[in-house]
Amino acid sequence: MNLSGISPVLLLASLMVASTPILLAALGELVAERSGVLNLGVEGMMITGAITGFAVAVATGSPWIGFVGAAAGGAALSLLFAVLVLWLRSNQVATGLALTLFGIGLAALVGQAYVGVRAPVFARLDLPVLGDLPILGPILFRHDAVVYLGLGLVAGVWWFLHRTRAGLRLRAVGENHDAAHALGYKVQLIRLGAVLFGGALAGLGGAYLSLVRVPQWTQGVTAGAGWIALAIVVFASWRPWRLLLGAWLFGGISVLQLNLQAARVPIPVEVLSMAPYVVTILVLVLISSGRGRAALAAPGSLGQPFHAAR
Amino acid sequence: MTEALLAVRGITKAYPGVVANSDVSFDISPASIHALLGENGAGKSTLVKAIYGLVRPDAGTMTLAGRPHAPASPREAREAGVAMVFQHFSLFDALSVAENIALGMENPPPLRDLSARIREVSQDYGLPLDPGRTVGDLSAGERQRVEIVRCLLQNPRLLIMDEPTSVLTPQEVAILFSTLRKLREGGTAILYISHKLEEIRALCEKATILRGGRVVATCDPRERSARQMAEMMVGGALRAPARAEVPVGEVVLAVERLSAPSPRLHGMPLRDVSFAVRAGEVLGIGGVAGNGQDELLLALSGEMRVAPGMVRLKGEDVGALSPSGRRMRGLLCAPEERNGHAAAADMTLTENAFMTARMRKGLTRGGGFVDWRGARAFATRIIETFDVRTPGPEVTARQLSGGNLQKFVIGREILQRPEVLVVNQPTWGGGCRCGGGDPAGAARSGRTGGRRRRRQPGSGRADGDQRPFRCPERGAAVPRPPRGGAERGGDRADAGWSARNGGRPCRLTVPPRPAPACSRSAPAGHGRGAGHDHP
Numbered sequence: 001m002n003l004s005g006i007s008p009v010l011l012l013a014s015l016m017v018a019s020t021p022i023l024l025a026a027l028g029e030l031v032a033e034r035s036g037v038l039n040l041g042v043e044g045m046m047i048t049g050a051i052t053g054f055a056v057a058v059a060t061g062s063p064w065i066g067f068v069g070a071a072a073g074g075a076a077l078s079l080l081f082a083v084l085v086l087w088l089r090s091n092q093v094a095t096g097l098a099l100t101l102f103g104i105g106l107a108a109l110v111g112q113a114y115v116g117v118r119a120p121v122f123a124r125l126d127l128p129v130l131g132d133l134p135i136l137g138p139i140l141f142r143h144d145a146v147v148y149l150g151l152g153l154v155a156g157v158w159w160f161l162h163r164t165r166a167g168l169r170l171r172a173v174g175e176n177h178d179a180a181h182a183l184g185y186k187v188q189l190i191r192l193g194a195v196l197f198g199g200a201l202a203g204l205g206g207a208y209l210s211l212v213r214v215p216q217w218t219q220g221v222t223a224g225a226g227w228i229a230l231a232i233v234v235f236a237s238w239r240p241w242r243l244l245l246g247a248w249l250f251g252g253i254s255v256l257q258l259n260l261q262a263a264r265v266p267i268p269v270e271v272l273s274m275a276p277y278v279v280t281i282l283v284l285v286l287i288s289s290g291r292g293r294a295a296l297a298a299p300g301s302l303g304q305p306f307h308a309a310r
Numbered sequence: 001m002t003e004a005l006l007a008v009r010g011i012t013k014a015y016p017g018v019v020a021n022s023d024v025s026f027d028i029s030p031a032s033i034h035a036l037l038g039e040n041g042a043g044k045s046t047l048v049k050a051i052y053g054l055v056r057p058d059a060g061t062m063t064l065a066g067r068p069h070a071p072a073s074p075r076e077a078r079e080a081g082v083a084m085v086f087q088h089f090s091l092f093d094a095l096s097v098a099e100n101i102a103l104g105m106e107n108p109p110p111l112r113d114l115s116a117r118i119r120e121v122s123q124d125y126g127l128p129l130d131p132g133r134t135v136g137d138l139s140a141g142e143r144q145r146v147e148i149v150r151c152l153l154q155n156p157r158l159l160i161m162d163e164p165t166s167v168l169t170p171q172e173v174a175i176l177f178s179t180l181r182k183l184r185e186g187g188t189a190i191l192y193i194s195h196k197l198e199e200i201r202a203l204c205e206k207a208t209i210l211r212g213g214r215v216v217a218t219c220d221p222r223e224r225s226a227r228q229m230a231e232m233m234v235g236g237a238l239r240a241p242a243r244a245e246v247p248v249g250e251v252v253l254a255v256e257r258l259s260a261p262s263p264r265l266h267g268m269p270l271r272d273v274s275f276a277v278r279a280g281e282v283l284g285i286g287g288v289a290g291n292g293q294d295e296l297l298l299a300l301s302g303e304m305r306v307a308p309g310m311v312r313l314k315g316e317d318v319g320a321l322s323p324s325g326r327r328m329r330g331l332l333c334a335p336e337e338r339n340g341h342a343a344a345a346d347m348t349l350t351e352n353a354f355m356t357a358r359m360r361k362g363l364t365r366g367g368g369f370v371d372w373r374g375a376r377a378f379a380t381r382i383i384e385t386f387d388v389r390t391p392g393p394e395v396t397a398r399q400l401s402g403g404n405l406q407k408f409v410i411g412r413e414i415l416q417r418p419e420v421l422v423v424n425q426p427t428w429g430g431g432c433r434c435g436g437g438d439p440a441g442a443a444r445s446g447r448t449g450g451r452r453r454r455r456q457p458g459s460g461r462a463d464g465d466q467r468p469f470r471c472p473e474r475g476a477a478v479p480r481p482p483r484g485g486a487e488r489g490g491d492r493a494d495a496g497w498s499a500r501n502g503g504r505p506c507r508l509t510v511p512p513r514p515a516p517a518c519s520r521s522a523p524a525g526h527g528r529g530a531g532h533d534h535p
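Residue numbers (the UniProt record's numbering), protein chains in the order written: chain B, 1 to 310; chain U, 1 to 535.
Treat the hints as calculated values from the structure; they're not laboratory data.
From a predicted model like this one, the values you see are computed outputs, not experimental measurements.
Where is the CB? At the ideal position from N, CA and C, for every residue including glycine.
Take the hints with a grain of salt, since some may be wrong.
[What the hints assert, rightly or not] Straight-line alpha carbon distances no greater than 25 Å define the calculated SDA-like cross-link-like pairs of lysine to any residue that follow:
(1) U/LYS314 <-> U/ALA244
(2) B/LYS186 <-> B/LEU86
(3) B/LYS186 <-> U/PRO108
(4) B/LYS186 <-> U/GLU3
(5) B/LYS186 <-> U/GLU79
(6) U/LYS182 <-> U/ARG211
(7) B/LYS186 <-> U/LYS361
(8) B/LYS186 <-> U/ARG257
(9) B/LYS186 <-> U/THR385
(10) U/LYS314 <-> U/GLY290
(11) B/LYS186 <-> U/LYS182
(12) B/LYS186 <-> U/VAL55
(13) B/LYS186 <-> U/PRO16
(14) B/LYS186 <-> U/GLY392
(15) B/LYS186 <-> U/ALA72
(16) U/LYS182 <-> U/GLU142
(17) B/LYS186 <-> U/PRO109
(18) B/LYS186 <-> U/ALA70
(19) U/LYS361 <-> U/GLY392
(20) B/LYS186 <-> U/VAL167
(21) B/LYS186 <-> U/LYS206
(22) B/LYS186 <-> U/GLN154
(23) B/LYS186 <-> U/ALA244
(24) B/LYS186 <-> B/VAL285
(25) B/LYS186 <-> U/GLY136
(26) B/LYS186 <-> U/LYS314
(27) U/LYS206 <-> U/PRO16
(28) B/LYS186 <-> U/GLU106
(29) B/LYS186 <-> U/LEU111
(30) B/LYS186 <-> U/ARG75
[Stated by the list, open to error] Derived Cβ-Cβ restraints for the label pairs, each shown as a range:
(31) B/LEU79 <-> U/MET359: 46 to 54 Å
(32) B/LEU245 <-> U/GLY132: 21 to 29 Å
(33) B/GLY224 <-> U/THR385: 55 to 63 Å
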């Protein structure tokens with residue numbers, strides 16, 4: 001066992017990278033849940049995004065176009081969910097779980113042709129000057145553009161939800177869809193938009209895994225990241241900035257467990273790889289035990305089907 | 001007479017199986033307060049939703065200030081100058097006052113400017129509001145102010161108010177009325193929907209009365225008695241229920257210094273509630289909705305456990321028992337929410353009958369199997385005894401109308417011979433006939449109590465509406481304001497009612513005969529001038 005091999009600077013730097021896929025997916029889910037739709041299919045949308053992004057990037061040779069394709073793939077799967085849940089009023093929980101299973105199967109099918117193929121290299125942005133700063137440089141300024149896109153999106157989503165009229169409407173629809181309908185807002189269309197945004201971001205998160213983190217296609221590449229994303233939305237009490245904190249926390253735990261494995265800590269590898277998921281469960285239990293404090297922040301109409309009488 | 005502001009001509013709207021509005025025509029004059037009257041289900045809501053663009057009528061036309069009015073959405077209605085204050089469903093608890101108001105406006109200014117305007121307008125009309133507060137923390141009266149201010153900011157020509165006083169204290173009603181009169185002076189027409197006939201007589205110049213989706217009469221409410229209007233609403237003579245004379249026995253249910261936090265979000269904690277119910281007695285629990293009645297009912301039914309000694313049934317401490325344990329000992333409950341709480345909407349009446357009666361009626365067979373034959377027989381007996389209008393016990397609860405399901409769930413408890421029966425809002429949604437002859441009201445449970453004199457069940461009921469406190473009750477526990485001085489109304493009738501009571505009772509009134517103080521609002525023939533001049 002050799003813990004001195006773990007460098008805090010490198011750990012923090014890789015934390016930024018490791019948290020990006022769950023941050024993206026969770027941010028999308030946060031918007032969908034704020035509109036009142038609980039989409040448990042994040043894992044399925046992520047892995048669909050991972051394979052469509054990978055396939056498009058390989059076909060075009062451009063990782064950027066790959067990311068666009070991933071967003072489209074994730075959004076397409078979420079469109080299926082939206083039609084089922086919003087218009088056919090199927091149960092959101094069951095449909096979301098089915099979407100995960102469907103997405104994993106679909107991705108495996110499409111991905112058969114891509115096993116062993118290398119993805120085009122996604123260049124890191126080495127920011128001049130800033131990147132050369134001691135300590136802060138490697139932690140904050142030597143990442144790829146998608147890391148910064150994720151951070152920018154956190155700010156953007158916060159601004160949208162709390163500073164724009166459309167964001168207020170979206171929150172209103174999630175808070176009380178009957179009241180929003182009575183005021184004349186188009187509940188279904190607003191929710192459709194939120195679900196599609198959630199799907200697109202989940203797709204981006206998935207593609208970040210297959211194009212940057214891994215970077216190749218393997219079956220089950222998301223490995224439960226979608227479930228962690230779902231958990232940190234609750235952890236964050238549906239607030240964007242806390243979501244960033246949650247993503248760093250969970251990203252940090254998964255990086256740490258990799259480092260501990262490399263340092264040959266005498267704990268079985270399986271236990272270490274379980275850690276992020278165990279912590280997810282613990283956090284959810286702790287949050288919900290605090291006299292319904294999580295329930296206090298949950299959107300009022302979350303998970304409820306909407307039926308307008310006309 | 002000036003030209004009508006809103007002319008409604010031949011509005012018809014049918015839903016599958018029910019005609020909500022049939023050829024409805026009436027006029028609203030500018031700067032007037034026009035009442036729309038009718039029993040529940042008479043089609044009032046559908047009609048105003050058509051005016052507000054939430055429902056598209058199948059036939060008929062409307063004209064607003066000389067121009068055709070056919071709003072496809074509330075937005076168009078608002079643009080045309082129609083605003084509406086809803087009975088429920090229109091505020092967002094988690095959002096601030098200013099955000100709530102912005103959501104109801106077409107082109108809201110930036111929040112900071114809006115907040116300033118909210119302060120200004122709310123002061124002008126005597127409805128003080130803090131734009132930064134979260135709506136979930138406001139009282140019912142304050143929440144309504146939010147809705148009214150939201151409408152006022154748009155300078156409406158026509159303001160629709162759907163049952164605006166049902167959740168208000170008498171003091172808040174007085175403020176609301178002066179606001180409405182001020183608005184009328186300013187040239188706004190108001191369409192006022194209510195059950196409370198005395199309010200309409202005090203406020204409105206004209207009333208349109210609906211029954212079964214049709215206009216059955218138009219009158220000047222100032223020239224009619226509440227009783228006359230009530231009879232126009234129901235289309236027949238009203239008879240008041242008689243009080244059953246039953247000897248009062250021992251204390252069966254005693255609540256002592258009951259305090260408990262609310263298990264619900266934005267709920268009201270119970271603070272130091274004490275009362276006792278004797279066998280053969282009906283005790284009324286009064287108060288404006290949302291002041292701890294629901295929590296009290298949960299504490300009594302066993303859905304919320306309370307500390308030892310707070311709830312006693314025949315001397316036995318039942319505070320820690322589950323609902324089943326309490327049922328076994330004879331404490332039965334019929335909750336307010338019929339579908340989803342008192343009954344499972346998608347299960348049959350037989351199944352619903354089984355669920356609460358399995359122990360007291362012995363509906364399980366060895367090893368926990370359901371005695372379906374017995375359950376069906378019990379459900380059939382409820383249907384027959386309580387005149388539940390349904391094809392049979394295999395119908396799902398959802399298929400019953402509100403009033404019929406209410407008869408079923410209350411009958412189910414009464415036939416189990418309770419020691420104590422707790423009923424929450426028994427006449428809610430039952431229309432104005434409920435107490436008058438419908439077995440759903442507490443009147444019937446009292447009478448049944450009389451019939452079963454041997455057992456003499458005591459019965460407690462909670463009622464937020466100020467109306468049905470009449471005959472059978474022998475006492476009424478009334479919540480009291482949290483801080484010292486009770487805001488008592490000036491007039492005698494209000495003496496028992498107080499404003500914000502915060503889950504605390506103020507006193508136990510002993511026999512408020514001939515009628516408790518609460519019948520002031522005299523709805524649909526239950527108050528003075530209606531029920532009481534009746535033999």
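These are the hints, each one checked on the structure:
1. Among the hinted pairs, U/LYS314 with U/ALA244 is consistent with the structure: their alpha-carbon atoms are about 23 Å apart, no more than 25 Å.
2. Note on B/LYS186 and B/LEU86: the hinted pairing holds, with a Cα-Cα distance of about 12 Å set against a maximum of 25 Å.
3. Taken as a hint, the B/LYS186 and U/PRO108 pair is honoured in the structure, with Cα atoms around 18 Å apart against an allowance of 25 Å.
4. Of the pairs offered as hints, the one joining B/LYS186 and U/GLU3 is violated, with about 35 Å between alpha carbons and a cut-off of 25 Å exceeded.
5. In summary, the hint linking B/LYS186 to U/GLU79 is supported, as the alpha carbons are separated by about 17 Å, within the 25 Å threshold.
6. Only pairs whose Cα atoms come within 25 Å are accepted, and U/LYS182 paired with U/ARG211 is rejected, the gap being roughly 31 Å.
7. Pair hint B/LYS186 plus U/LYS361 does not hold up; C-alpha atoms about 50 Å apart against a cutoff of 25 Å.
8. With a C-alpha separation of about 48 Å, the suggested pairing of B/LYS186 with U/ARG257 is violated against the 25 Å cut-off.
9. For the hint linking B/LYS186 to U/THR385, the alpha-carbon distance of about 47 Å lies beyond 25 Å, and the restraint is violated.
10. Among the hinted pairs, U/LYS314 with U/GLY290 is inconsistent with the structure: their alpha-carbon atoms are about 29 Å apart, more than 25 Å.
11. As the CA atoms of B/LYS186 and U/LYS182 are separated by approximately 34 Å, the hinted pair breaks the 25 Å bound.
12. At roughly 14 Å between alpha-carbon atoms, B/LYS186 and U/VAL55 fall within 25 Å of each other, so this suggested pair holds.
13. A C-alpha spacing of about 24 Å is found between B/LYS186 and U/PRO16, which places the hinted pair at or below 25 Å, so the restraint holds.
14. Pair hint B/LYS186 plus U/GLY392 does not hold up; C-alpha atoms about 40 Å apart against a cutoff of 25 Å.
15. Between B/LYS186 and U/ALA72 the CA atoms are separated by roughly 12 Å; this keeps the pair inside 25 Å, and the hint holds.
16. The straight-line distance between the Cα atoms of U/LYS182 and U/GLU142 is roughly 19 Å, inside the 25 Å bound, and the hint therefore holds.
17. With a CA separation close to 21 Å, the supplied pair B/LYS186 and U/PRO109 stays within the 25 Å bound.
18. Between B/LYS186 and U/ALA70 the alpha-carbon distance is near 19 Å, which keeps this suggested pair within the 25 Å criterion.
19. A C-alpha spacing of about 20 Å is found between U/LYS361 and U/GLY392, which places the hinted pair at or below 25 Å, so the restraint holds.
20. A threshold of 25 Å between alpha carbons decides the hint, and for B/LYS186 with U/VAL167 the separation of about 29 Å lies outside it, so the pair is violated.
21. Taking the CA atoms of B/LYS186 and U/LYS206, the gap is near 36 Å; set against the 25 Å cutoff, the hint is violated.
22. Of the supplied pair hints, the one linking B/LYS186 and U/GLN154 holds, its CA atoms being roughly 21 Å apart against a limit of 25 Å.
23. Taking the CA atoms of B/LYS186 and U/ALA244, the gap is near 53 Å; set against the 25 Å cutoff, the hint is violated.
24. A hinted pair counts as satisfied when its Cα atoms are at most 25 Å apart, and B/LYS186 with B/VAL285 does not qualify at roughly 35 Å.
25. A hinted pair counts as satisfied when its Cα atoms are at most 25 Å apart, and B/LYS186 with U/GLY136 qualifies at roughly 23 Å.
26. Pair hint B/LYS186 plus U/LYS314 does not hold up; C-alpha atoms about 55 Å apart against a cutoff of 25 Å.
27. Straight-line distance between C-alpha atoms of U/LYS206 and U/PRO16 comes to about 32 Å, which puts the hinted pair past the 25 Å bound.
28. Of the pairs offered as hints, the one joining B/LYS186 and U/GLU106 holds, with about 14 Å between alpha carbons and a cut-off of 25 Å not exceeded.
29. A C-alpha spacing of about 22 Å is found between B/LYS186 and U/LEU111, which places the hinted pair at or below 25 Å, so the restraint holds.
30. With a C-alpha separation of about 11 Å, the suggested pairing of B/LYS186 with U/ARG75 holds against the 25 Å cut-off.
31. Checking the proposed 46 to 54 Å range against B/LEU79 and U/MET359 shows it holds: the Cβ atoms sit about 50 Å from each other.
32. In this structure the supplied range 21 to 29 Å holds for B/LEU245 paired with U/GLY132, their Cβ-Cβ distance being about 26 Å.
33. Judged by the Cβ atoms, the range 55 to 63 Å given for B/GLY224 and U/THR385 holds: they are separated by roughly 58 Å.
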